[in-house]
Amino acid sequence: MAQITLKSLAHSYSPSPSGPEDYAIREMEHVWHQGGAYALLGPSGCGKSTLLNIISGLLTPSDGQVLFDDRVVNELAPEERNIAQVFQFPVVYDTMTVYDNLAFPLRNVGTPAAKIRERVAEVADVLDLTSLLKRKARNLTADEKQKVSMGRGLVRDDVSAILFDEPLTVIDPQLKWKLRRKLKEIHERFNITMIYVTHDQLEASTFADKIAVMYEGQVVQFGTPRELFETPAHTFVGYFIGSPGMNLMEVARTEEGVRTGTVDLTLPPALRNAIHRSRSRNIKLGIRPEFVEVLTEPGEASYPVEIDNVQDLGTYRIVSFTFAGMPFRARLGEDRPLPRRHAYVRFPEAWLNLYIDEFRVEVGQ
Amino acid sequence: MSLILENIDHVVNGAVHIEGVNLELAPGSFNVLLGRTLAGKTTLMRIMAGLEPPTRGRVLMHGEDVTRTSVRKRNVSMVYQQFINYPAMTVYDNIASPLKLARVSREEIRRRVHETASMLHIEHLLDRYPAELSGGQQQRTAMGRALVKDADLILFDEPLVNLDYKLREEFREELRELFKARNCIAVYATTEPNEALALGGHTAVLHEGRLLQYGPTEDVYHRPRDVLTAEMFSEPPINVVPAIVSGTEVTFDRNVHFPLNRDLAGLSPGQYQFGVRASHIGLERQAKDDLELEVQVDIAEISGSETFLHVRNELFHLVLHLTGVYEFAVDQPLKVYFPTHKIYAFDRNGDVVHIPSRPGAH
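So the protein sequences, as listed, match chains A and B. Here this note's numbering is used: the first residue of the first sequence is 1, the next is one more, and so on. Here this note's numbering is used: the first residue of the second sequence is 1, the next is one more, and so on.
Check before you lean on any hint, since a few could be wrong.
Under the rule of at most 25 angstroms between Cα atoms (straight-line distance), these lysine to aspartate or glutamate pairs were calculated in the DMTMM-like manner [to be verified]: (1) Lys166(B) with Asp357(A); (2) Lys178(A) with Asp331(B); (3) Lys284(A) with Glu255(A); (4) Lys210(A) with Asp331(B); (5) Lys182(A) with Glu235(B); (6) Lys166(B) with Glu227(A); (7) Lys100(B) with Glu123(B); (8) Lys180(B) with Asp312(A); (9) Lys180(B) with Glu192(B); (10) Lys136(A) with Glu122(A); (11) Lys210(A) with Glu358(A); (12) Lys182(A) with Glu314(B).
By construction, these hints were calculated from the structure, which means they are not laboratory data. Model, not experiment: these values are computed from the prediction.
Produce the complete structure using the sequences and hints provided.
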């Protein structure tokens with residue numbers, strides 16, 4: 001059991017990096033607390049696999065330190081770090097029974113037989129594998145094999161952390177939620193630091209209490225699923241989390257107020273002032289489709305728009321419209337009236353986020 | 001150009017893959033084949049394409065029997081899950097390849113490749129090789145090859161499964177646009193109900209080799225013929241609970257009773273299965289006659305901007321589809337509100353006997 005600290009960590013695959021673009025991981029500080037359920041989420045190529053390999057010891061970082069509690073582990077090989085890993089595809093010994101598969105990591109370190117029996121029984125119980133203990137692994141279904149893989153990670157009680165790399169890829173879609181629940185239960189019962197690496201927002205937000213979202217080699221937000229949804233810290237998080245993602249509009253200061261395209265915006269004073277204080281030329285306002293109000297009649301601080309398209313998704317609709325020349329989306333419940341072509345939209349101020357140079361800025365009241 | 005499948009059976013080594021499928025696809029239509037893995041989607045597409053003759057039944061294209069006509073003699077294109085391109089050819093040559101085979105003039109090839117590439121937003125990539133492209137760009141190239149010739153029938157076999165969900169969102173919106181101006185029949189296989197809804201057109205729901213229902217997508221979704229169709233065409237699946245209707249009231253969950261309301265008044269006494277969509281059960285009371293149920297949280301599955309909340313009590317398991325992010329601990333006790341006016345009723349055979357009216361329908 002350990003707290004994992006990444007201290008001034010950076011990694012470049014190039015022997016003589018000349019700029020930030022040569023870094024797969026840009027310099028970062030990060031702490032994974034002991035016992036936490038974490039996810040590392042990002043699109044392919046964002047650096048999450050590099051970071052995972054640095055933590056597990058498959059890769060030595062070019063800069064900075066990895067600490068397990070107070071101990072620097074940069075030079076330690078994977079097997080010396082006591083990290084358990086569960087991969088995309090099950091890793092089991094086909095010719096061994098489920099029991100022997102689960103016992104294997106314990107026998108390797110010379111655990112007494114009585115202790116092995118006790119641990120295997122406990123892990124098999126949590127994973128609903130008890131009735132399969134005598135079966136040969138080769139006769140199992142894909143999801144049973146993956147549970148055995150997870151069990152092998154859990155069976156040692158001295159591991160520092162368990163790393164999961166897209167562990168549910170091979171699981172039948174109808175069974176996934178059951179394994180997700182299993183993972184949560186395991187986390188609560190064993191109190192082990194767990195880091196779940198995935199490109200899938202559902203996997204990440206369902207498993208983790210806190211998610212590190214990676215983009216171009218940086219962790220751009222470390223927050224709860226709710227924070228990622230309500231207050232994305234970076235425009236990329238707004239785009240990447242949620243289906244569809246956040247609407248973003250580029251805005252510019254005018255003498256009197258704030259404008260996007262050719263439209264003058266009616267904004268609360270605090271927000272307007274924050275925009276006026278900034279010297280940046282890269283200022284955006286973001287609002288999620290769930291919070292855009294679509295009206296059939298004009299209302300206070302509403303803007304007229306033309307509806308381009310409506311996707312009926314059964315119990316709700318995604319309305320696409322053009323606002324100030326930019327494509328926008330709103331999510332509309334099935335019971336709400338649907339305007340035909342002309343509509344009015346409102347952007348409630350509580351849900352407008354301000355981004356300066358792509359990062360979110362908190363606006364006081 | 002219509003495509004008719006007539007009494008199609010397909011048996012491989014004694015195993016029935018397709019059973020008694022009758023389907024008529026109209027000229028210019030966009031059709032989704034929806035079904036889980038092994039429902040028969042790919043087999044049916046191979047039969048439509050002529051890659052495999054059916055064991056029994058006929059395939060008619062434009063009224064002409066083509067059951068035994070090989071794929072080479074039919075004007076068909078296909079896009080697969082894997083991004084299949086010629087690795088040694090540029091994007092331009094990949095897209096041009098079917099036209100070269102058809103001996104189209106060089107000038108015409110140029111025009112059509114550029115037109116198709118611009119439609120798919122890959123015009124700037126025409127000189128690249130497939131290995132230099134992202135997954136999404138590779139699949140766009142494969143689609144370009146399928147779209148460039150004026151095929152009578154274009155088949156898409158789960159073309160987006162290997163792309164990340166952001167790219168899937170983009171593709172879905174574009175795909176419908178691409179087909180608006182075309183006169184060919186498009187058939188698109190997917191395992192995802194929400195993809196079928198997003199694509200619109202017509203949907204055929206397949207299950208274990210049988211066709212459950214075919215019609216305009218919205219109709220099939222809102223007016224399923226039976227409980228199995230309703231379950232297959234909803235994600236998360238529609239909640240189904242057993243219920244007993246007496247002369248004056250409804251009982252389910254053994255101890256939950258409510259008076260038979262106007263909506264359900266037409267149901268004669270007996271046993272039913274009630275279906276309620278996941279998004280119609282809430283954490284707050286929506287109508288004053290909603291039923292309050294005490295449950296425990298199984299798990300809250302959070303998908304960025306929405307939450308699928310699995311709950312249970314001793315008798316059943318329900319799923320709620322909530323807009324926004326809700327965090328719940330495993331086994332947390334909770335009250336949920338079950339509507340009494342948004343209920344589908346299915347009889348003991350599973351056939352639908354009552355469909356709720358939709359206040360927002362237009």
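Quick rundown of the hints versus the structure:
Our distance criterion of 25 angstroms between C-alpha atoms is met by lysine 166(B) and aspartate 357(A), whose separation comes to about 23 angstroms. Under the criterion of a C-alpha separation no larger than 25 angstroms, the hint pairing lysine 178(A) with aspartate 331(B) is consistent with the structure, at around 14 angstroms. For a cut-off of 25 angstroms, the pair hint linking lysine 284(A) to glutamate 255(A) stands: about 18 angstroms separates their Cα positions. With a C-alpha separation of about 20 angstroms, the suggested pairing of lysine 210(A) with aspartate 331(B) holds against the 25 angstroms cut-off.
Proposed proximity of lysine 182(A) and glutamate 235(B) is supported: the alpha carbons are some 21 angstroms apart, at most 25 angstroms. A C-alpha spacing of about 20 angstroms is found between lysine 166(B) and glutamate 227(A), which places the hinted pair at or below 25 angstroms, so the restraint holds. With a CA separation close to 19 angstroms, the supplied pair lysine 100(B) and glutamate 123(B) stays within the 25 angstroms bound. Proposed proximity of lysine 180(B) and aspartate 312(A) is supported: the alpha carbons are some 17 angstroms apart, at most 25 angstroms.
For the proposed pair lysine 180(B) and glutamate 192(B), the alpha carbon gap of about 22 angstroms is at most 25 angstroms, so the pair holds. At most 25 angstroms may separate the alpha-carbon atoms for a hinted pair to count; lysine 136(A) and glutamate 122(A) meet this at roughly 19 angstroms. Annotation: proposed proximity of lysine 210(A) to glutamate 358(A) holds, straight-line Cα distance about 21 angstroms (limit 25 angstroms). Among the hinted pairs, lysine 182(A) with glutamate 314(B) is consistent with the structure: their alpha-carbon atoms are about 19 angstroms apart, no more than 25 angstroms.
Violation of the numbered hints given earlier is absent; every hint is satisfied by the structure.
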